[in-house]
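As you go down the protein sequences, you meet chains F and E in turn. Numbering that gives the first Met the number 0 puts the first residue of the first sequence at 0, with every later residue one more than the last. Numbering that gives the first Met the number 0 puts the first residue of the second sequence at 0, with every later residue one more than the last.
FYI, nobody ran anything at the bench for these hints, they're computed from the structure. One thing to keep in mind: the hints can contain errors.
If we take Cβ atoms under 8 Å as the criterion, some of the chain F residues that face chain E in the derived model are [said to hold, decoys possible]:
{"hint": "1", "residue": "K6"}
{"hint": "2", "residue": "L20"}
{"hint": "3", "residue": "M22"}
{"hint": "4", "residue": "E30"}
Reference excerpt, derived from the structure (chain E facing chain F, CB under 7 Å, subset only) [as the list claims (entries may be wrong)]:
{"hint": "5", "residue": "E2"}
{"hint": "6", "residue": "Y11"}
{"hint": "7", "residue": "I13"}
{"hint": "8", "residue": "E24"}
{"hint": "9", "residue": "N30"}
{"hint": "10", "residue": "F34"}
{"hint": "11", "residue": "D39"}
{"hint": "12", "residue": "I42"}
{"hint": "13", "residue": "R44"}
{"hint": "14", "residue": "Q47"}
{"hint": "15", "residue": "V52"}
{"hint": "16", "residue": "L110"}
{"hint": "17", "residue": "S113"}
Using N, Cα and C, we set each Cβ at its ideal position, and we do this for glycine too.
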Amino acid sequence: MKPRKYKSIQIGNLLSQITPLQMDKTKNKMELSARIEGLMISKGWTKSQFAEKVDKKPSEITKWLSGTQNLTIDTLTEIAQSFGIPLSALFGSREIQVVYKTPEIIVHAPSRKMEIPATALVTNQYYNYKPREYAPINLVPVNYNFSKQKSRIHNG
Amino acid sequence: MVEFSGRQARVYSIIEDDSEVTLFEQFIEENEAKFKDEIDDIISRLYQIGRNVGARHSYFKHNEGKPGDGVCALYDNPDRKLRLYCIRFGMDILILGGGGEKRVRAWQDDLILSKSAKKMIHYAQDIQKKIDSGDIEF
Chain F
0 MKPRKYKSIQ IGNLLSQITP LQMDKTKNKM ELSARIEGLM ISKGWTKSQF
50 AEKVDKKPSE ITKWLSGTQN LTIDTLTEIA QSFGIPLSAL FGSREIQVVY
100 KTPEIIVHAP SRKMEIPATA LVTNQYYNYK PREYAPINLV PVNYNFSKQK
150 SRIHNG
Chain E
0 MVEFSGRQAR VYSIIEDDSE VTLFEQFIEE NEAKFKDEID DIISRLYQIG
50 RNVGARHSYF KHNEGKPGDG VCALYDNPDR KLRLYCIRFG MDILILGGGG
100 EKRVRAWQDD LILSKSAKKM IHYAQDIQKK IDSGDIEF
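Looking at chain F on its own, in the form it has when it is part of the complex (with noise of 0.2 Å):
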């Protein structure tokens, strides 16, 4: 069984009443959204983490990431402040590259199974402020040495 396409005629009137303000009022939201939830991850930071920096509590986080909030620019300044960044860096356009610290990767090559140092740092090359939840799954060594410490991963 394969899904298959389907259109409907009563979602597309209703998309076509949505004004292209509305739409970019929402669009900003999530984007903005999705960015502070970048540079949080990017940081290392759990919710409850962010919400220290910045006093809050987690439940405000949650609020702040689901992309519904109308953030107030002092609200914006306090997030740009605890990421050590100018308020206008989060509206850039600029690709923030999401490191993920592992504590241990273990790889199954097919000769044989090689365990990397917690140092290996697993980084997400093509996802544009969206980082993933989880990392990648197909984990390449490459030109892994066993006599050195540091090690590159590709994402598969």
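Add chain E to chain F, keeping to what the hints say.
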């Protein structure tokens, strides 16, 4: 659903055997007259999820179903009245269900929400089984 699906996420809904329309369209039909603004907001957000931002974990309320089944609700502020149930498979796949007006805190206490949530829990289990057996592929 071609109206929502895009490069960031594919958005689906479910047509039951005895129905001509999807669960999501039924949800719209039942609530559009009373909550037009909220329906517009939900439609805009789903459009953005499919086209621009993906079905990020933070855009949903979780643990609406059974542990690990992916049943969740689109995030709704306390002042909002509507709840929409979905099944989420990572950031890329979202299956829209039904929902209704939030009159009580827990869905278990409301007949309409309870029916919608239970339906999605049932479909989540069924879909997972079919994915595991290879009967469904996305």
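Checked hints:
1. Annotation: K6 (chain F) was flagged as interfacial toward chain E, and the flag holds, the nearest CB pair being 5 Å apart, inside 8 Å.
2. Using the Cβ-Cβ criterion of 8 Å, the hint placing L20 (chain F) at the interface with chain E is not satisfied: the shortest such distance is roughly 11 Å.
3. Interface restraint check for M22 (chain F): the shortest CB-CB distance to chain E comes to about 6 Å, inside 8 Å, so the restraint holds.
4. Below 8 Å, beta-carbon pairs count as interface contacts, and E30 (chain F) has one with chain E at about 6 Å; its hint therefore holds.
5. With a least beta-carbon distance of about 5 Å to chain F, the hint placing E2 (chain E) at the interface is held under the 7 Å criterion.
6. Against a cut-off of 7 Å between C-beta atoms, the interface hint on Y11 (chain E) holds, since the closest Cβ of chain F lies about 5 Å away.
7. With a cut of 7 Å, the hint placing I13 (chain E) at the interface with chain F is violated, because the nearest CB-to-CB distance is about 10 Å.
8. Annotation: E24 (chain E) was flagged as interfacial toward chain F, and the flag holds, the nearest CB pair being 6 Å apart, inside 7 Å.
9. A distance limit of 7 Å between C-beta atoms decides the matter here; for N30 (chain E) the minimum to chain F is near 12 Å, and the interface restraint is violated.
10. Checking F34 (chain E) against chain F: minimum C-beta separation of about 12 Å lies over 7 Å; hint violated.
11. For the restraint placing D39 (chain E) at the interface with chain F, the shortest Cβ-Cβ distance is roughly 6 Å, inside the 7 Å limit, so the hint holds.
12. The interface hint given for I42 (chain E) holds, since its Cβ lies 5 Å from the closest Cβ of chain F, which is under the 7 Å cut-off.
13. With its C-beta approaching chain F no nearer than about 6 Å, R44 (chain E) sits inside the 7 Å limit, and its interface hint holds.
14. Below 7 Å, beta-carbon pairs count as interface contacts, and Q47 (chain E) has one with chain F at about 5 Å; its hint therefore holds.
15. The criterion of a C-beta within 7 Å of any C-beta in chain F is met by V52 (chain E), whose closest approach is roughly 5 Å, and the hint holds.
16. Violation of the interface hint for L110 (chain E) is found here, the shortest Cβ-Cβ separation to chain F being roughly 25 Å, above the 7 Å cut-off.
17. Residue-level restraint check for S113 (chain E) is violated (minimum Cβ-Cβ distance to chain F is 24 Å; threshold 7 Å).
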